[in-house]
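K.L.:
What follows is each chain in one-letter form.
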Amino acid sequence: QVTLRESGPALVKPTQTLTLTCTFSGFSLSTSGMCVSWIRQPPGKALEWLARIDWDDDKYYSTSLKTRLTISKDTSKNQVVLTMTNMDPVDTATYYCARIHPRLYDSSGYYYDYWGQGTLVTVSS
Amino acid sequence: DIQMTQSPSTLSASVGDRVTITCRASQSISSWLAWYQQKPGKAPKLLIYKASSLESGVPSRFSGSGSGTEFTLTISSLQPDDFATYYCQQSWTFGQGTKVEIK
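Sequence order for the protein chains is A and B.
Residue numbers for the first sequence follow the numbering used here, so the first one is 1093 and each next one is one higher.
Residue numbers for the second sequence follow the numbering used here, so the first one is 11 and each next one is one higher.
Where hints are given, some of them may not hold.
Said to hold, decoys possible - Now the in silico label distances, taken between C-beta atoms and shown as ranges:
no., chain 1, residue 1, chain 2, residue 2, range
1, B, Pro-50, A, Asp-1198, 29 to 35 Å
2, A, Thr-1175, B, Pro-18, 34 to 40 Å
3, A, Pro-1181, B, Leu-64, 15 to 21 Å
4, A, Thr-1111, B, Thr-32, 35 to 41 Å
5, B, Gly-26, A, Ser-1200, 35 to 41 Å
6, A, Lys-1158, B, Pro-18, 43 to 49 Å
Said to hold, decoys possible - Anything over 10 Å on all C-beta distances counts as not near chain A; from chain B, calculated:
no., residue
7, Asp-11
8, Val-25
9, Val-29
10, Ser-40
11, Lys-52
12, Lys-55
13, Leu-56
14, Phe-72
15, Gly-78
16, Gln-99
17, Ser-101
18, Thr-103
Simulated from the structure, these hints should not be mistaken for lab results.
Here a beta-carbon is modelled for each residue, glycine too, at the ideal position from N, C-alpha and C.
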């Protein structure tokens, strides 16, 4: 059974750094073609892709947020970590991690078959 | 970056209606498009991938079509459980969503 769970602070102050952890089970991020992404959704708004890390440790970032994001993985702990620096109230959102299975991935595109339940992060002083 | 534009933004329909949602890409994406359903307070759920492939466990009343720059999601007979927001996705880009409301 595949599960993903996001964890991290519910409240951060402006200018602080946010660290979120995605802990997953039921699959290995060492498997060829397996990837995990972070996606966020401000209240009442659309989904926004943030970053992706692949089984071979390749990393990809949103063009608009690239300078603020770092994604990493700990395969032994089945975790993917996202850090976002210089948080601002506009970064208030529900943050999701989601899996890309090899059957849903190739060089032309990819899709998410399992998602975490999301964690709401509010940025406020 | 590729932009994905959905229409309409909101759709009012009744149980049993046939519903169609459109997603247009700013440039050709071949068949690399997915559709998700999201209910309030929940994570998105994958319905369709590669434009027309039905994800396992998704009811057959959902179907997808299209290629290049224009895609559609069709619900053949709307059920009470289908009132939700639907998003198209091409890799790192999502559409802005279409909310399907009760008429």
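K.L.:
All hints are to be evaluated individually against the structure, with a verdict given for each.
P.N.:
Hints and how they fare:
A beta carbon spacing of about 33 Å between B/Pro-50 and A/Asp-1198 agrees with the range 29 to 35 Å that was offered as a hint. Range check, A/Thr-1175 to B/Pro-18: about 38 Å between beta-carbon atoms, so the 34 to 40 Å window is met. For A/Pro-1181 and B/Leu-64, the Cβ-Cβ distance of about 40 Å falls outside the hinted range of 15 to 21 Å, so the restraint is violated. Under the hint 35 to 41 Å, the C-beta atoms of A/Thr-1111 and B/Thr-32, about 39 Å apart, fit the expected range.
Range check, B/Gly-26 to A/Ser-1200: Cβ separation about 37 Å, and the 35 to 41 Å hint holds. Taking the beta carbon of each, A/Lys-1158 and B/Pro-18 are about 33 Å apart, not inside 43 to 49 Å as hinted. Not every CB of chain A lies more than 10 Å from the CB of B/Asp-11, the least distance being 6 Å, so the non-interface label is violated. At roughly 25 Å from the closest C-beta of chain A, the C-beta of B/Val-25 stays outside 10 Å, upholding its exclusion from the interface.
Non-interface call for B/Val-29 relative to chain A: holds, since the shortest CB-CB distance, roughly 19 Å, exceeds 10 Å. At roughly 6 Å from the closest C-beta of chain A, the C-beta of B/Ser-40 falls inside 10 Å, breaking its exclusion from the interface. A cut-off of 10 Å between C-beta atoms contradicts the statement that B/Lys-52 is not in contact with chain A; the least separation is 8 Å. Distance to chain A contradicts B/Lys-55 as a non-interface residue, since its nearest Cβ pair spans about 8 Å, not more than 10 Å.
Listed as outside the interface, B/Leu-56 is inconsistent with that label: its C-beta sits roughly 5 Å from the nearest C-beta of chain A, within the 10 Å cut-off. Distance to chain A confirms B/Phe-72 as a non-interface residue, since its nearest Cβ pair spans about 15 Å, more than 10 Å. Listed as a non-interface residue, B/Gly-78 keeps its Cβ farther than 10 Å from every Cβ of chain A; the least gap is roughly 13 Å. Distance check on B/Gln-99: its Cβ comes as close as 7 Å (rounded) to a Cβ of chain A, failing to clear the 10 Å threshold; non-interface status is violated.
With a least beta-carbon separation of about 5 Å from chain A, B/Ser-101 fails to lie farther than 10 Å from that chain, contradicting its non-interface assignment. Against chain A, the non-interface label of B/Thr-103 is violated: not every CB pair exceeds 10 Å, the least being about 7 Å.
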